[in-house]
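Participant: Below are the chains, spelled out letter by letter.
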Amino acid sequence: MQVEKTQVFRPKIVAFCCNWCSYAGADLAGSSRLAYPADVKIIRVPCSCRVNPMFILRAFQRGADGVILCGCHPGDCHYTTGNYYARRRMTLLFSMLDYLGVENGRTRVEWVSAAEGVKFSTTMNEFVAKIHSLGENVRLGDLRCKND
Amino acid sequence: MERAKELLTDGTVVRVLGWKQGDLGYNPEPAYFNSPEELADFVYDGFCGANLSKYMIQAGKMERNTLVFLKPCDTYSFNQLIKEHRVNREKTYIIGVGCKGTLDIDKIKNAGIKGIESISQDGDMLKIQTIYGEKEFPFDDALLERCTVCKGKTHLVYDELIGAQEGEEAGPKGNRFEMVEKLEAMMPKERFAFWQNELSKCIRCNACRNACPACSCLKCVFDSNKFDSAQKANVDTFEEQMFHVIRAFHVAGRCTDCGECSRVCPQGIPLHLLNRKFIKDINEFYGPYQAGEDTDSRAPLTDYMFEDVEPSVVTERGGKH
Amino acid sequence: MYQIKKDRLPELFAAMAGAQDLFLPIRKADQTNYGLWTEEVQVDLDTLKTVKSGKDCFFPQSETLYSCKNEDGKLSIDPAKLTDEPFVVFGMRACDVQGLKVLDNVFLNDPVDSFYAARREHGTVVAIACHEPEETCFCKVFGIDAANPASDVAAWFVGEDLYWKALTEKGERLTESVKELFTDGDDTAVEEEKKQIQAIIEKLPYSHLDLSRFTPEKTMELFDSPLWEEMYQPCLACGTCTFVCPTCQCYDIKDFNTGSGVQRYRCWDSCMYSDFTMMAHGNMRTSQMQRFRQRFMHKLVYYPANNDGMFSCVGCGRCVSKCPASLNIVKVIKKLGGEA
Amino acid sequence: MGECTCGGNHKSDMLIPMIGVITDIRTETPDVKTFRVVGRDGKKLFEHMPGQCAMVSVPGVGEAMFSITSSPTNKEFQEFSIKRCGSLTDVLHGMNPGDEITVRGPYGNAFPVETALKGENLLFIAGGIGLAPLRSVINYVLDNRENYGTVEILYGSRSADDLVQLEEIQQVWCKTDGVDVYLTIDREQEGWDGHVGFVPSYLKEIGFTTDKKVLVCGPPIMIKFVLAGLTEMGFTKEQIYTTLELRMKCGIGKCGRCNIGSKYVCKDGPVFRFDEIDELPPEY
Numbered sequence: 001m002q003v004e005k006t007q008v009f010r011p012k013i014v015a016f017c018c019n020w021c022s023y024a025g026a027d028l029a030g031s032s033r034l035a036y037p038a039d040v041k042i043i044r045v046p047c048s049c050r051v052n053p054m055f056i057l058r059a060f061q062r063g064a065d066g067v068i069l070c071g072c073h074p075g076d077c078h079y080t081t082g083n084y085y086a087r088r089r090m091t092l093l094f095s096m097l098d099y100l101g102v103e104n105g106r107t108r109v110e111w112v113s114a115a116e117g118v119k120f121s122t123t124m125n126e127f128v129a130k131i132h133s134l135g136e137n138v139r140l141g142d143l144r145c146k147n148d
Numbered sequence: 001m002e003r004a005k006e007l008l009t010d011g012t013v014v015r016v017l018g019w020k021q022g023d024l025g026y027n028p029e030p031a032y033f034n035s036p037e038e039l040a041d042f043v044y045d046g047f048c049g050a051n052l053s054k055y056m057i058q059a060g061k062m063e064r065n066t067l068v069f070l071k072p073c074d075t076y077s078f079n080q081l082i083k084e085h086r087v088n089r090e091k092t093y094i095i096g097v098g099c100k101g102t103l104d105i106d107k108i109k110n111a112g113i114k115g116i117e118s119i120s121q122d123g124d125m126l127k128i129q130t131i132y133g134e135k136e137f138p139f140d141d142a143l144l145e146r147c148t149v150c151k152g153k154t155h156l157v158y159d160e161l162i163g164a165q166e167g168e169e170a171g172p173k174g175n176r177f178e179m180v181e182k183l184e185a186m187m188p189k190e191r192f193a194f195w196q197n198e199l200s201k202c203i204r205c206n207a208c209r210n211a212c213p214a215c216s217c218l219k220c221v222f223d224s225n226k227f228d229s230a231q232k233a234n235v236d237t238f239e240e241q242m243f244h245v246i247r248a249f250h251v252a253g254r255c256t257d258c259g260e261c262s263r264v265c266p267q268g269i270p271l272h273l274l275n276r277k278f279i280k281d282i283n284e285f286y287g288p289y290q291a292g293e294d295t296d297s298r299a300p301l302t303d304y305m306f307e308d309v310e311p312s313v314v315t316e317r318g319g320k321h
Numbered sequence: 001m002y003q004i005k006k007d008r009l010p011e012l013f014a015a016m017a018g019a020q021d022l023f024l025p026i027r028k029a030d031q032t033n034y035g036l037w038t039e040e041v042q043v044d045l046d047t048l049k050t051v052k053s054g055k056d057c058f059f060p061q062s063e064t065l066y067s068c069k070n071e072d073g074k075l076s077i078d079p080a081k082l083t084d085e086p087f088v089v090f091g092m093r094a095c096d097v098q099g100l101k102v103l104d105n106v107f108l109n110d111p112v113d114s115f116y117a118a119r120r121e122h123g124t125v126v127a128i129a130c131h132e133p134e135e136t137c138f139c140k141v142f143g144i145d146a147a148n149p150a151s152d153v154a155a156w157f158v159g160e161d162l163y164w165k166a167l168t169e170k171g172e173r174l175t176e177s178v179k180e181l182f183t184d185g186d187d188t189a190v191e192e193e194k195k196q197i198q199a200i201i202e203k204l205p206y207s208h209l210d211l212s213r214f215t216p217e218k219t220m221e222l223f224d225s226p227l228w229e230e231m232y233q234p235c236l237a238c239g240t241c242t243f244v245c246p247t248c249q250c251y252d253i254k255d256f257n258t259g260s261g262v263q264r265y266r267c268w269d270s271c272m273y274s275d276f277t278m279m280a281h282g283n284m285r286t287s288q289m290q291r292f293r294q295r296f297m298h299k300l301v302y303y304p305a306n307n308d309g310m311f312s313c314v315g316c317g318r319c320v321s322k323c324p325a326s327l328n329i330v331k332v333i334k335k336l337g338g339e340a
Numbered sequence: 001m002g003e004c005t006c007g008g009n010h011k012s013d014m015l016i017p018m019i020g021v022i023t024d025i026r027t028e029t030p031d032v033k034t035f036r037v038v039g040r041d042g043k044k045l046f047e048h049m050p051g052q053c054a055m056v057s058v059p060g061v062g063e064a065m066f067s068i069t070s071s072p073t074n075k076e077f078q079e080f081s082i083k084r085c086g087s088l089t090d091v092l093h094g095m096n097p098g099d100e101i102t103v104r105g106p107y108g109n110a111f112p113v114e115t116a117l118k119g120e121n122l123l124f125i126a127g128g129i130g131l132a133p134l135r136s137v138i139n140y141v142l143d144n145r146e147n148y149g150t151v152e153i154l155y156g157s158r159s160a161d162d163l164v165q166l167e168e169i170q171q172v173w174c175k176t177d178g179v180d181v182y183l184t185i186d187r188e189q190e191g192w193d194g195h196v197g198f199v200p201s202y203l204k205e206i207g208f209t210t211d212k213k214v215l216v217c218g219p220p221i222m223i224k225f226v227l228a229g230l231t232e233m234g235f236t237k238e239q240i241y242t243t244l245e246l247r248m249k250c251g252i253g254k255c256g257r258c259n260i261g262s263k264y265v266c267k268d269g270p271v272f273r274f275d276e277i278d279e280l281p282p283e284y
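Residue numbers (the numbering used here), protein chains in the order written: chain A, 1 to 148; chain B, 1 to 321; chain C, 1 to 340; chain D, 1 to 284.
Quick caveat, the hints were computed from the structure, so don't treat them as lab data. All residues carry an ideal CB built from backbone N, CA and C; glycine is no exception. A couple of the hints might just be wrong.
[What the hints assert, rightly or not] In silico DMTMM-like links for lysine to aspartate or glutamate, alpha-carbon gap of 25 Å or less:
(1) B/K201 with C/D255
(2) A/K130 with B/E190
(3) C/K334 with C/E202
(4) D/K43 with D/D24
(5) B/K109 with C/D44
(6) C/K165 with C/D186
(7) B/K61 with C/E230
(8) C/K5 with C/D184
(9) B/K109 with C/D30
(10) C/K203 with C/E176
(11) D/K237 with D/E276
(12) C/K74 with D/E47
(13) C/K74 with D/E100
(14) C/K194 with C/E172
(15) C/K140 with C/D104
(16) C/K74 with D/D24
(17) C/K194 with B/E134
(18) B/K127 with B/D159
(19) B/K114 with C/E202
(20) C/K140 with C/D56
(21) D/K44 with C/D78
[As the list claims (entries may be wrong)] Residues on chain B that point at chain C, a partial pick, calculated with CB under 8 Å:
(22) D23
(23) A31
(24) G115
(25) I131
[Said to hold, decoys possible] Anything over 10 Å on all C-beta distances counts as not near chain C; from chain A, calculated:
(26) V8
(27) R10
(28) D27
(29) A35
(30) R44
(31) N52
(32) H78
(33) T80
(34) G105
(35) K119
(36) D142
Given these sequences and hints, build the entire structure.
Facilitator: Shown next, in the form of structure tokens:
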């Protein structure tokens, strides 16, 4: 069946959320009925430092238009130091992607605690708006996934 | 070399890791010498670019002691490997050899010099005997990129020095971040085009990885069968981007900038520019750091500070699209 | 024999590319490789050897074999389309052309590899004689004449002219289609050029390698030689030599999951890689020495045993100039052949 | 060939598989299952000879060579006995009847049942999953009983639970005239009243006469000692056949993986006579 392609750009956004803070923050946003776009797909990870740079690239390869990583605020990590390491890694990775010419607004790190449902929803709204303004991710994707 | 013979004869070491004379005047190969007689083929000249620290990972697992010749910049790699417990310092006898810079045969060939029979040095010039007649080429123009931004002539780890003095000064050298800065100053679109052009040449031969002293994993993540954009495929340019970014990331904070990756790349991709970007960022964000300078400090990516910069610094700094 | 001024080559390329795809050596980011001709590209016919050989045009580094979808447990298979449009490869050298013959023996023998066969059928090769052979060349050892490339069309650069001579029916057809650009040429200049090339080749350091020891009867003797243990030492186990080689034909078949289906593709593989022979229950070549030996034994002994003594090396010298550790087949031939 | 949506404007290639439907799965041992496979039309996928192999694949997981364990005389389906030992076999073991896989083949040579083995007395020696390729020959021979002499089968495994095709062995082979079956397991086990001991030692205990051809298949270490045992008993290498196994990708002697010496195991093998193997570099 041929479905007519709509011209409206619906970004695909992957959000890696740490189990202890940000995922609970997303939960709170949901139970508080704070709206954030359905384009955001949340992937729960045990800690923000579980996110390997390869995860981020893989998400882009498979067609993500933006990737955001949410973790506990510095000092609040469930495993004490995980988010510190994640912070350094992501800083360097994002800088490298920027260096390769990928638009630097496509990646973001935000610290969201379990109590910050509002912050979660505003962050996601902002991020989705940003990706909307950047448009489709064409520089960092695998053609094979797009044509299929 | 005489010293190597002595040490082999008196049993201090049972093998010598050095370079063996090639058959073209510019292709010496890394080699083990097991007896004083074999050392007759030993050679050390400007084309001995190979960083023997990589081979020491294997040699450290062999029985008895190995003598290795290291150039000043190779000792950074060796030091870094000591830090990571990948080489065995006790079983290694290091002779630090002086270095006047290593040469890039491709630079000579790209200048249109063909049919090379032999190469000798005469002052600042290389005299090149070819089947199409004798040619000359300035020594400095034939240097590998890494040698034009030499880290210095000091050996960081050695048992004895030959042809080099402690604290010897490097000649006037360029700024190694010059090209990185130039790229940073470009518009993202231009940068993207630059890298697209370079990385699309990649044939995924893995020479960069296999020559890299920091790539010492027993099994590389890109060799996993369970990983579907693994290894040798280059179906889509994404594969190469991913491979090179991840490889550079995995050696970030451990890369000593020895330049082997760019030297060995059959397609001449300036891979060092990826590594140097990480080095430059680390220096700027977390303070100056030179991998391989010591054997006990914490690597930048296994360290942290409460007040580290946030990743958003990347957006704030740049912002152009 | 036809002739065309060098400065009119862009016209020739445009004419050929008008009717079919045209692949030729293109300079990109300081390296020369075969690529599709368009008006924007920088054609480079001066570089003697492209980094990757022209085998890419017939046996691409990776190609999809078929895509497969799984809908509610029902599989469907959609084979990739075979090449059915003519194309031209311009600028191959005599050694590369011989490399194709080596591949032909593998892919065109029963059972025929239809992907390769289709490309061979539709591709016309224009080969250029090597004006200035290099020190890494040793094609003469394998009986290849760099001055007389044996392909569909042979071409020679002499002074400001390109001389052109069709050798096969396919070559005739191509010539016919661009004939109005040519003027008639005579043989004298070309014959002179051939002599010069052959004289240079005589002088090359590797032109007189001795291959007499590499015979199928000596398989076990060569296999058991203690020299392998010594020779392989510098090998870094990368795949540079295999990927730049015009005759290496080993490939891997892999799946790529696109999220909505599976693409099964094949890509070049290297016998130098540790997982080349890895099976679920183990690996029968566990050391780099064994893998190193396999590569050279295959080129110098196993392949000739199956192909009437034809070696699976054409002496292009790419591995000689590209190996990161300066190892290469010449060193192996010399050492095992008893010369060094 | 497989269902193709391109309208038939291509010539099919050896590398393009057929779609097979699993119609039955038998659990033989804790880690071996036998899969019965037919085409979507319910018919046999292709004809083969005993000893030949086929490439079985689950798209997205992988593809591997398996020997066809059913006999060519079976006109309805093909069977593969597959041991769970890697990522592909893991997935296969999780499948159910009705699931689809892809199959291409048959590949390789076969045991010379119509030439060198015809009219001969036969001795089959198998260890563990090594029975899979031999089972094809055994059933072929039993179905063409008049063409062959005596049939003896020596089969051993780690334990009684690891004997593959036990039901068929007991119900069919043991009850056929002129067929002697010897079973053995490596270690004592409750409820086992048969022979205990490794295959090579049992072989010597029985002491076969040398007026026959021998077909051996099993783990490399077993093959090694069985060969030594047979030589001791007076068999020559020309009398002994076995199958080799190497990593394969294409199945048609092109991808270079299974190359040893000038042979390609997938095309020139997997069945080799021992004197042929002796001429190959020892890389198997």
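Participant: Does D/E100 sit within 25 Å of C/K74, going by the straight-line distance between their CA atoms?
Facilitator: holds, 7 Å
Participant: Minimum Cβ separation between A/T80 and chain C greater than 10 Å?
Facilitator: A/T80 clear of chain C: closest Cβ-Cβ about 37 Å, beyond 10 Å.
Participant: Would you mind confirming whether the straight-line C-alpha gap from C/K165 to C/D186 stays at or under 25 Å?
Facilitator: holds, 11 Å
Participant: Using the nearest Cβ pair, does B/D23 come within less than 8 Å of chain C?
Facilitator: With a minimum Cβ separation of about 7 Å from chain C (threshold 8 Å), the hint on B/D23 holds.
Participant: Taking the closest pair, is the beta carbon of A/A35 still more than 10 Å from chain C?
Facilitator: holds, 28 Å
Participant: Measure nothing beyond the straight line between the CA atoms of B/K109 and C/D30; if it is 25 Å or shorter, mark the hint as holding.
Facilitator: Holds. B/K109 to C/D30 sits at ~12 Å (cutoff 25 Å).
Participant: With a cut-off of 25 Å on the C-alpha distance, tell me whether C/K334 and C/E202 pass.
Facilitator: holds, 18 Å
Participant: Taking 8 Å as the limit, does the beta-carbon of B/I131 come near enough to a beta-carbon in chain C?
Facilitator: holds, 5 Å
Participant: Just double-check A/D27 for me: nearest Cβ-Cβ distance to chain C has to come out over 10 Å.
Facilitator: Consistent with the label, A/D27 stays out of reach of chain C, its closest Cβ about 27 Å off (over 10 Å).
Participant: Non-interface claim for A/H78: all C-beta distances to chain C beyond 10 Å?
Facilitator: Correct as stated: the minimum Cβ-Cβ distance to chain C is 32 Å, above 10 Å.
Participant: Between C/K140 and C/D56, does the CA-CA distance stay at or below 25 Å?
Facilitator: holds, 23 Å
Participant: Under 8 Å is the threshold here; is the Cβ of B/A31 close enough to any Cβ of chain C for the hint to stand?
Facilitator: holds, 6 Å
In this structure, the earlier hints numbered 10, 18, 36 are contradicted, and the remaining ones agree with it.
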